[in-house]
Amino acid sequence: MFKYNFIYEFKRLIRSQWIQVLSILLFAVFSFAVFNGQQKTQKRLEEISSVKEKLKTSEAQMLSVLDSIEQGFQVSVSRWRLPSNPMTIGNKHPRLVEMPPHQWTFISTGQSDMYSHYVKPTVQANDFELSFTEMTSPTQLLFGSFDLTFVIVYLLPLIIIAFGFNILSYERESGALKLLASQPVSLTFWVFQKLVLRFLWLSVIVILTLYLIFSGNGINIFKEMATFFSLIGVICAYMLFWFALAFLVNIFGMNSAKNALVLIGLWILFVLLVPTVINQVGNTLYPMPSRTIMVNKMRSIKANATKKQDEILDNYLRDHPEFAINDSTQNRTFWHRYMASQALIDKALKPVVSNYNKQLRKQQNWLDKLKWLSPSMRVKAALNNTAGTSTTDYENFRNQALAFSEQWRKHFIPFLYNNTPFSSKDYEHIPTYQYRQKAHSNMATIGILFAIALLMFAIGLLASKNLKYKMNLTIS
Amino acid sequence: MEMLHIHCMKLSCATSFYTMITLDNVNKSYGDFKALKNLNLTVKPGEIYCLLGANGAGKTTTINLLLGFITPNTGTISINNINVQKSALKSKQYLAYIPENLMLYPNLTAVENLNYFSGIGGKSFGKKALETFLDDAGLQREAFHKRLSKFSKGMRQKVGIAIALAKDTKVLLLDEPTSGLDPKASNEFGQLLKHLKNKGVAILMATHDIFRAKDVATHIGIMKEGELKYEFETDKISLAALESTYLKIMDYKTLEV
Amino acid sequence: MILKTLSKEFKESFRNGKAKIAFSIVVILLFTSVWLSMQKYNNANKEYLKATESERHIWDNQGEKNPHSAAHYGTYAFKPKQPLSLIDKGVDKYVGTTIFLEAHYRNEAQFSAAADQTGTSRFGELTPDFILLFLIPLLIILLGYNIFTKEKEQGTLFLLKSSGASINQLTLGKWLSLFIPIFLCTTIVFIIAGILLSNLNDYGTFSWTSLISMWSIYIGFYIVFINIVMLISYVSKRSGLSLVIALSVWIFTCLVTPKIASTLAENKYPYPTRQEFQAMVTKDKKQGLDGHNTWNEEAQLLKEKVLKEYKVDSLHQLPFNFDGYRMQKGEEYQAAIYSKHYNNLKAQYENQNKTYKTLAAISPFLPTRFLSMSIAQTDYATHWHFSDAAEQYRIQTQKFLNDNFAQNSVFGDWKYKADSSTWSALPQFNYTPQSLSTIIDTNKSYLIILGLWVLLSFSTLYLTIKLK
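Heads up: the sequence lines are chains A, B and C, in that order. Just so you know, we're using my numbering here: the first sequence kicks off at 13 and counts up by one. Just so you know, we're using my numbering here: the second sequence kicks off at 5 and counts up by one. Just so you know, we're using my numbering here: the third sequence kicks off at 98 and counts up by one.
Worth double-checking, as some hints may not be accurate.
[Claimed, not checked] Examples of chain C residues lying across from chain A (beta carbon under 7 Å, computed):
no., residue
1, H201
2, Y202
3, N204
4, Y366
5, T370
6, F417
7, A444
8, N448
[To be verified] Once the Cα atoms are required to be at most 30 Å apart in a straight line, the calculated DSBU-like pairs of lysine-lysine come out as:
no., chain 1, residue 1, chain 2, residue 2
9, A, K55, C, K365
10, A, K15, B, K127
11, A, K206, C, K147
12, B, K90, A, K206
13, C, K249, A, K374
14, C, K334, A, K68
15, B, K203, A, K206
16, A, K66, C, K115
17, C, K108, A, K270
18, C, K380, A, K68
19, C, K334, B, K157
20, C, K249, A, K309
21, A, K422, C, K115
22, B, K157, C, K249
[Claimed, not checked] Partial list, derived from the structure: chain A residues whose beta carbon lies under 7 Å from chain C:
no., residue
23, F158
24, P287
25, S402
Since the hints were made in silico from the structure, they are not lab data. Glycine residues also receive a C-beta, built at the ideal position from the N, C-alpha and C atoms.
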């Protein structure tokens, strides 16, 4: 039976031009999505390299000034910007802490439109002042972007629905069902085979289209087999899930219009309703801690800390380092005190910030668990992970950046305390940053989605034994 | 009326070795509505049994029962001595069915449709063999490799017969096969059935068309309100007698028999 | 005839289980979302009031301080929730709510809710606008996809036509049978929202006129959708086909077009990154007057200019503290730089808007989306308006502080401390949102586009039915 279904299913799909239309449609939609993704990634790369370029130029200038100073020449730099002062290096010549895109970033915009991809931590600023959010038009954030993830999570299920909502009901409505039912084959198994075949055909089209588009965009799949296969795995598992749903609807369903309505209803449920309801419920049950209140708390703490500093620091000088440097007697005590006061404020603020973050994490973790209620949410998360644009990736970057900021500060503080001038030799030893990609595995998503799909198929196949009463209605 | 009783031949309920289609004391009801009442019916190889009756008399229910599409409340049904309820798929290996309005896949050709349906049933044939079946079924050669979307009902039925032939079927079930056919096509179809009968196929055919029934059937049964009221051997009754009996049963509901 | 058709359609929908279920689900979701939205709105409002009050308290009680220290110490401007955000949350989640106002820097609004949430939140939230914009059009499709095709399938359309019934009246009856339930359910929700909002203690800016304008936008949107769905049902041969076409239209207009629009807008008119933007500002700032840096070229020029103006030869002879004066000039210069760069950004945003407007021609969803959130004052323009107002307040605050410094101290006296009562003399920041007429005026092109959609869809439906 399988052989004949296989041959004739293909013939019928080709002759009804399903495969042709589908291939062209998928090719167009995937191409547009990949093109958009590539443009975004390209822009991100260009930004990072242009900032790097600028830093390099200013670094070269600074090094030549430093060299002149070491040679004993007069330099035309304002005194408080002399590179021999370690604080100048620490503040004016920061390292670039960047999160470059990787080869697969283009598949998903994820959170990349919201967060920055590079920061330049200085010695002077405290961690709280590092901004990790990007300047994006909020309208754009609201609408989202047309990326591969959107196509896969939102549109692909619709194609599957169009591809499989009427396998059985079409036979009934066209009149071929009776002849089919008089054959010595199980109808449920026949529907199962048809859907599995359509799943295979669609998978082949999707994989081929993606392969062609990826290769066309200069992505070497063979170099990154593992990621490509995990991507294909997620897509196929998600498609199988929808085919399994279509199978159940075909088995238990009645006519084509009703099947389509039920499947569209399920699509709305999984893609639109469940995520929004989860968000709403999550935010109601575990409210996000209020940033406004956190700001309030921080202000009061800062106010108190500032009052304490007044005892040790000149109120004005704290705000105006450049004047302090003019005064040669205070030259070294200013930064000393400044850093001391920063440390004081940092220390006082840390509990508030970390408390806030802890609460936020709790809420996010809770919502994370609910992701399984909708495979669409799960798949989107998996694709974001593959692209390295998920919330956890940005959190990972943020943590790395903050750790580097700490390392940077710690590197310069001894210079300050020891009052050692900064030399070009020291420059070779300043810390550098390298982004470490967080490793994600999509195996759980793939495995569980496959399991859910297989379970649904099994339910359909087993339940069909008790479905005799249905035949009564369906055939006569 | 007395005359009719004489011609009425009550067939035995016992399943003979030669019986291909057997309905034994079958009852089927939908809620309060009794679709079939104590139906006993047998068809042997080489017989064409025509079930006559108005709409709702239980003809289609009988065929659906034989196909295993529905299950009886009581009684047993078998095809080639295989219990239909117990082994539905096995029993279907021996039967072929042509529904009232046979539809096949419009974007496959006649040969492809035949190949598909015999294929999923587990039989594979070469191209030559497939064409022979279509030929035997009376389909004109030019149509073999044309898509079904342009076929008339008569042509589609011939493909249906070819499917039955390819299956080497022992039982053929037909539901109103001649309705909507022009007289020529109807006549051709009748000839085809006779040919199958001569090959030893047991044929059960539900129809309104008493003239075609008289022409092709070896046995005729008249159903009303779920009961098999009369059975005849076709040779033993004239067309006129058959028609008047049929009309009487249909018209006078209160008539006690 | 119209009434008969209407009552027949109602009876049919009422007997149709799936229509009843879908309608009830949408209504329940709508009311739940309004209720949830109300809770959130109240909560946010409370937080806003508390934060504003406590921030002002901190400001007022700074004690003796140099005014410029106070300027660096800064204050926060909090964005108030607008009453109609109860219905349409717009971009609220994606923009910051808090702006730090300090000397020398114009800061961006911080702490957008979305930045604190996981990727899940990008799917959207169960808010009234989600239901009004996405689910009610779907409901219209569900109720109306077979409004003509069912008559075709049953063969009753020809019967009706042959009975001499006017097809126009038949259509109008059918149109009303779709419109009335949608109209009633939308209207009731808006009335409830209005009553809830007008019963709030501090509903300050809530106006029924805005609510009614917003309501009429949605009604217009639904009219367009009803016309489209009826048109599709009229030209389709089968119900299934009609459903598929109508759903494709929905997916294209409500889901795909906004994403294409935002992608095109971003590709064509990209925003600079935050770091780039800051680098541009810093570069400009360096070229001009630095209020602190006395060796700055511009500062020297200013000094000479002031000395000439007051006809004195030393800064000590001026009737005010030149340090304060110079800092104020520096502040003004920097504010002008910010204004220039933010205006560039605004120009880019206007360009992006053009892309959205162009695509509104192929999707009635876009004009509705933009009109709804601008009337609710949860759109990007309102955010601009708020951040501009906060910037004005910042400039005003700096002037207040620098003037205090200039007038109450002598040149070189950096040890000057303003009295602790000084701070409360600074007026409070009060954000007055734009008036409805201004909003309507800036969004009139969207209004025209939506109006055209209504007219065109009506006339297409009318002509198709007349000609076919």
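Results of checking the hints against the structure:
1. H201: violated, 10 Å
2. Y202: violated, 11 Å
3. N204: Not OK, violated: N204 (chain C) not within 7 Å of chain A, min 9 Å.
4. Y366: At 9 Å from the nearest chain A Cβ, Y366 (chain C) fails the 7 Å test, so the hint is violated.
5. T370: holds, 6 Å
6. F417: At about 18 Å, which exceeds the 7 Å cut-off, the nearest Cβ of chain A leaves the hint on F417 (chain C) violated.
7. A444: Result: violated, 13 Å to nearest chain A Cβ.
8. N448: With Cβ-Cβ at 11 Å, over 7 Å, it is violated.
9. A:K55 x C:K365: holds, 12 Å
10. A:K15 x B:K127: Holds - the C-alpha atoms of K127 (chain B) and K15 (chain A) are around 11 Å apart, at most 30 Å.
11. A:K206 x C:K147: Violated, at roughly 63 Å.
12. B:K90 x A:K206: holds, 26 Å
13. C:K249 x A:K374: Given that 30 Å is the threshold and the Cα spacing comes to 57 Å, the pair is violated.
14. C:K334 x A:K68: Status violated; Cα separation ~68 Å.
15. B:K203 x A:K206: Outside the cut-off at roughly 36 Å; violated.
16. A:K66 x C:K115: violated, 63 Å
17. C:K108 x A:K270: Given pair K108 (chain C), K270 (chain A) holds - Cα atoms ~20 Å apart, limit 30 Å.
18. C:K380 x A:K68: holds, 17 Å
19. C:K334 x B:K157: holds, 23 Å
20. C:K249 x A:K309: Since the Cα atoms of K249 (chain C) and K309 (chain A) sit roughly 68 Å apart, the hinted pair is violated (cutoff 30 Å).
21. A:K422 x C:K115: violated, 67 Å
22. B:K157 x C:K249: holds, 24 Å
23. F158: Cβ of F158 (chain A) sits 4 Å from chain C, so the hint holds.
24. P287: At about 3 Å, which falls below the 7 Å cut-off, the nearest Cβ of chain C leaves the hint on P287 (chain A) intact, so it holds.
25. S402: holds, 6 Å
Checked against the numbered hints listed earlier, the structure breaks hints 1, 2, 3, 4, 6, 7, 8, 11, 13, 14, 15, 16, 20, 21; every other hint is satisfied.
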